[in-house]
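Use these hints to put chain B with the ligands onto chain A, whose structure you have.
Quick mapping for you: the protein sequence lines, in order, are chains A and B. Heads up, the first sequence stops at 309 in the working numbering, and the numbers go up one at a time, no gaps. Heads up, the second sequence stops at 1248 in the working numbering, and the numbers go up one at a time, no gaps.
FYI, nobody ran anything at the bench for these hints, they're computed from the structure. This one's a predicted model, so the numbers in the text were calculated from it and none came from an experiment. Be aware that one or more of the hints could be misleading.
Stated by the list, open to error - Straight line, CA to CA, 16 Å or less: simulated EDC-like cross-link-like pairs of lysine to aspartate or glutamate: (1) A:Lys184 <-> B:Asp1159; (2) A:Lys153 <-> A:Asp16; (3) B:Lys1102 <-> B:Asp1027; (4) A:Lys141 <-> A:Asp106; (5) B:Lys1242 <-> A:Glu252; (6) A:Lys280 <-> B:Asp1233; (7) B:Lys1242 <-> A:Glu282; (8) B:Lys1230 <-> A:Asp283; (9) B:Lys1230 <-> A:Asp297; (10) B:Lys1218 <-> A:Glu117; (11) B:Lys1240 <-> A:Asp291; (12) A:Lys308 <-> B:Asp1233; (13) B:Lys1224 <-> A:Asp291; (14) A:Lys141 <-> A:Asp120; (15) B:Lys1240 <-> A:Glu252; (16) A:Lys194 <-> A:Glu252; (17) B:Lys1230 <-> A:Asp291; (18) B:Lys1144 <-> A:Asp232; (19) B:Lys1090 <-> B:Asp1122.
Stated by the list, open to error - Here are some chain B residues the structure puts well away from chain A; computed CB gaps all over 12 Å: (20) Arg1072; (21) Val1086; (22) Lys1201.
Stated by the list, open to error - One-sided and incomplete, this derived list gives chain B residues near chain A with beta-carbon spacing under 8 Å: (23) Pro1017; (24) Glu1092; (25) Ala1097; (26) Leu1133; (27) Glu1157; (28) Leu1167; (29) Leu1177; (30) Pro1222; (31) Lys1230.
The beta carbon of each residue, even a glycine, is placed where N, CA and C say it ideally should be.
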Amino acid sequence: MKTLVWVEHDGQAVKDATLSAVTAASQLGEVHLLIAGQGVDGVAAEAAKIAGVGKVHVADDVAFAHALAENVAPLIVELMATHDAFVAPSTTHGKNIAPRVAALLDVMQISDILSVESEDTFTRPIYAGNAIATVQSSDAKKVITVRGTAFAKAATEGGSGEIEAVASTGDKGLSTFAGSEIAKNERPELTSAKIIVSGGRALASSEQFHATIDPLADKLGAGVGASRAAVDAGYAPNDYQVGQTGKIVAPEVYVAIGISGAIQHLAGMKDSKVIVAINKDEDAPIFQVADIGLVGDLFKIVPELTEKL
Amino acid sequence: MKVLVPVKRVLDYNVKPRVKADGTGVDLANVKMSMNPFDEIAVEEAIRLKDKGVTEIVVVSIGEQKSQETLRTALAMGADRAILVVSETKVEPLGVAKILAKIVEEEKPDMVILGKQAIDDDNNQTGQMLAGLLNWGQGTFASKVEIADGSVNVTREVDGGAETDTLKLPAIITTDLRLNEPRYASLPNIMKAKSKPMAQKTPADFGVDVTPRLTTLKVVEPAKRSAGIKVADVDALVGKLKEMGVAK
Ligand SMILES: Cc1cc2nc3c(=O)[nH]c(=O)nc-3n(C[C@@H](O)[C@H](O)[C@H](O)COP(=O)(O)OP(=O)(O)OC[C@H]3O[C@@H](n4cnc5c(N)ncnc54)[C@H](O)[C@@H]3O)c2cc1C
Ligand SMILES: Cc1cc2nc3c(=O)[nH]c(=O)nc-3n(C[C@H](O)[C@H](O)[C@H](O)COP(=O)(O)OP(=O)(O)OC[C@H]3O[C@@H](n4cnc5c(N)ncnc54)[C@H](O)[C@@H]3O)c2cc1C
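Next comes chain A alone, as it looks inside the complex (with noise of 0.2 Å):
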């Protein structure tokens, strides 16, 4: 099977995500890559050493600077007459591009794999993560997205692929990007962290999150987390979220301070090597996934632990 990975960078570096989308890709045969956007020779060069790789596609044009599906899926159609599967990781710009690649395509997308069965048959999360779905396509092609926590990371060095320069579909004239607000994080990015430190809705506000959290999380050289419910209210940025539908996580550890252990949360960050929990109250359901547990107030517990360490 000849796949086609999408990948993913902000114009000066291949994103981690991709390189656990082609590892997945590697299961189903031959991985080609595809890299659009503006200026991006450099990541060529850089996703050309990546492991195993083939075909290295290089769309250089500013209608892709941004990843805009409008765009880019029209160009990934193109690239499919000559591939078989087309993978991207679960990213929220790979689920942007991913379904509107598989509706023009007319297939049915597997979303979110966690394992590749054969070349036809994968996993995939159902009912945030409550079950395994095993299902098997029917489709000539397939399109897939991956989840990366599922998959190891392919090696960043060792391939020499061939890098290969596709003519531009164009901009589309549907959607223009009009700006971004990336939040500038010094701390490791949560989806590859080896330790995150996540508050809850008892933090209580924006400045005990930060006053107690961030210390600890720096003691650790940990990244740091938060539930929905302390997102929303305002406590931690959005990009923060660990959850169903906020990010997936899988580091060594995992501590939960002040989370009550609500399933959508759960969903993010049980498959966790080790999980520390910290809650005033000994029922809170996060004590029945925490490998170890403190009950307590975590506005004492969190700095002695922070100075103790």
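Showing chain B with the ligands alone in chain A's frame:
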């Protein structure tokens, strides 16, 4: 300006899903079903846009007869009329998108607002597929929607922050959690909704083949995590973390 809002009947988000013992799916017998939470947000957004040029809201559901309840809820919130496309068998997002594309041809809305994902199958596909089929712009995972002259500005929740795109109308929007807080329908409005029009169709009326492309071979429960230990105090916690090599 007319807005179409597709709504899906799903297992209520407070109910813990149970996998059937025979591995064919999740048990939906005798459990509470509700409108997909993202679709409530979609209906709410359409209603709020009524001050800003929206004149008619049509809600659509594709599903079993019981989806009438879901449509009535949307009507009670403030939608004007409903279309139920009855299918007692599974219709995948691709099939749903094809039916919606036909309804768009007939109804000619200026916008279709969908949920970003349904919390049962978690596919996150239908809106993007519909946009592809119609060759419209798509503002997915919206946290803010502003109608301008012939276009709509959509602020979207993306990894790392927010992005704003300007879409030419007509366009597709899919809702994220923080777009708005949906209202509860009041009792008088629930009564009024009973007399609002609801049309019934079938996929065949639209000439759409909804034969599934995916076969579910089996559905299992994920590996269970078992509860671990509780430690007595911070010192014990620090000890455990050191044991694991997390702390030095
Ligand atoms: C009787 C019946 C039995 C089913 N059995 C199964 C089964 O056994 N296994 C299984 O995996 N799935 C089953 N389904 C679900 C199947 O219909 C599709 O998977 C589903 O409709 C679309 O997937 P999604 O909701 O995850 O799409 P998403 O792309 O996540 O949905 C996004 C948005 O699209 C809109 N939308 C989606 N579906 C509809 C709809 N039907 N009507 C109106 N708007 C909609 C909503 O606005 C929604 O928020 C069944 C459905 C029915 C009606
Ligand atoms: C469609 C949908 C999607 C959703 N998606 C997500 C998602 O992606 N992610 C997500 O997280 N949620 C999601 N939710 C929301 C989810 O259902 C919960 O509401 C949310 O996770 C609760 O957040 P919380 O645990 O911080 O707050 P709460 O449930 O209010 O829990 C606060 C906890 O803090 C404890 N506490 C209070 N004070 C102290 C103290 N001083 N010291 C120690 N402990 C204390 C309490 O005992 C309690 O257990 C979603 C909901 C819906 C409907």
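Verification of the hints:
Annotation: proposed proximity of A:Lys184 to B:Asp1159 holds, straight-line Cα distance about 12 Å (limit 16 Å). Using a Cα cut-off of 16 Å, the hinted pair A:Lys153 and A:Asp16 holds, with the two alpha carbons roughly 7 Å apart. Proposed proximity of B:Lys1102 and B:Asp1027 is contradicted: the alpha carbons are some 32 Å apart, above 16 Å. With a C-alpha separation of about 9 Å, the suggested pairing of A:Lys141 with A:Asp106 holds against the 16 Å cut-off.
Our distance criterion of 16 Å between C-alpha atoms is met by B:Lys1242 and A:Glu252, whose separation comes to about 14 Å. Restraint check: the Cα-Cα separation between A:Lys280 and B:Asp1233 comes to about 12 Å, which is no more than 16 Å; the hinted pair holds. Under the criterion of a C-alpha separation no larger than 16 Å, the hint pairing B:Lys1242 with A:Glu282 is inconsistent with the structure, at around 24 Å. Our distance criterion of 16 Å between C-alpha atoms is met by B:Lys1230 and A:Asp283, whose separation comes to about 12 Å.
Simply put, B:Lys1230 and A:Asp297 have alpha-carbon atoms about 15 Å apart, close enough for the 16 Å limit, and the pair holds. For the suggested pair B:Lys1218 and A:Glu117, the alpha carbons sit about 13 Å apart, so the restraint of at most 16 Å is met. With a CA separation close to 10 Å, the supplied pair B:Lys1240 and A:Asp291 stays within the 16 Å bound. With a C-alpha separation of about 12 Å, the suggested pair A:Lys308 and B:Asp1233 falls inside the 16 Å cut-off, and the hint holds.
Among the hinted pairs, B:Lys1224 with A:Asp291 is consistent with the structure: their alpha-carbon atoms are about 13 Å apart, no more than 16 Å. At roughly 9 Å between alpha-carbon atoms, A:Lys141 and A:Asp120 fall within 16 Å of each other, so this suggested pair holds. In summary, the hint linking B:Lys1240 to A:Glu252 is supported, as the alpha carbons are separated by about 14 Å, within the 16 Å threshold. Proximity of A:Lys194 to A:Glu252 is assessed by CA-CA distance (about 5 Å); at most 16 Å being required, the pair is judged to hold.
Between B:Lys1230 and A:Asp291, the direct Cα distance comes to roughly 8 Å. Compliance with the 16 Å bound is thereby established for this hinted pair. Proximity of B:Lys1144 to A:Asp232 is assessed by CA-CA distance (about 14 Å); at most 16 Å being required, the pair is judged to hold. For the suggested pair B:Lys1090 and B:Asp1122, the alpha carbons sit about 15 Å apart, so the restraint of at most 16 Å is met. For B:Arg1072, the requirement that its beta carbon stay farther than 12 Å from each beta carbon of chain A is met, with the minimum near 25 Å.
Remark: the non-interface label on B:Val1086 is consistent with the geometry, its nearest Cβ contact in chain A lying 21 Å away (cut-off 12 Å). At roughly 21 Å, the least C-beta separation between B:Lys1201 and chain A is larger than 12 Å, which holds for a residue marked as non-interface. For the restraint placing B:Pro1017 at the interface with chain A, the shortest Cβ-Cβ distance is roughly 4 Å, inside the 8 Å limit, so the hint holds. For the restraint placing B:Glu1092 at the interface with chain A, the shortest Cβ-Cβ distance is roughly 5 Å, inside the 8 Å limit, so the hint holds.
With 8 Å as the threshold, the beta carbon of B:Ala1097 comes within range of chain A, its nearest partner Cβ sitting at about 6 Å, so the hint holds. Satisfaction of the interface hint for B:Leu1133 is found here, the shortest Cβ-Cβ separation to chain A being roughly 5 Å, below the 8 Å cut-off. Here the hint on B:Glu1157 is kept, as its CB sits about 6 Å from the closest CB of chain A, short of 8 Å. For the restraint placing B:Leu1167 at the interface with chain A, the shortest Cβ-Cβ distance is roughly 5 Å, inside the 8 Å limit, so the hint holds.
For the restraint placing B:Leu1177 at the interface with chain A, the shortest Cβ-Cβ distance is roughly 6 Å, inside the 8 Å limit, so the hint holds. For the restraint placing B:Pro1222 at the interface with chain A, the shortest Cβ-Cβ distance is roughly 5 Å, inside the 8 Å limit, so the hint holds. Against a cut-off of 8 Å between C-beta atoms, the interface hint on B:Lys1230 holds, since the closest Cβ of chain A lies about 4 Å away.
Hint violations for this structure: numbers 3, 7, all remaining hints satisfied.
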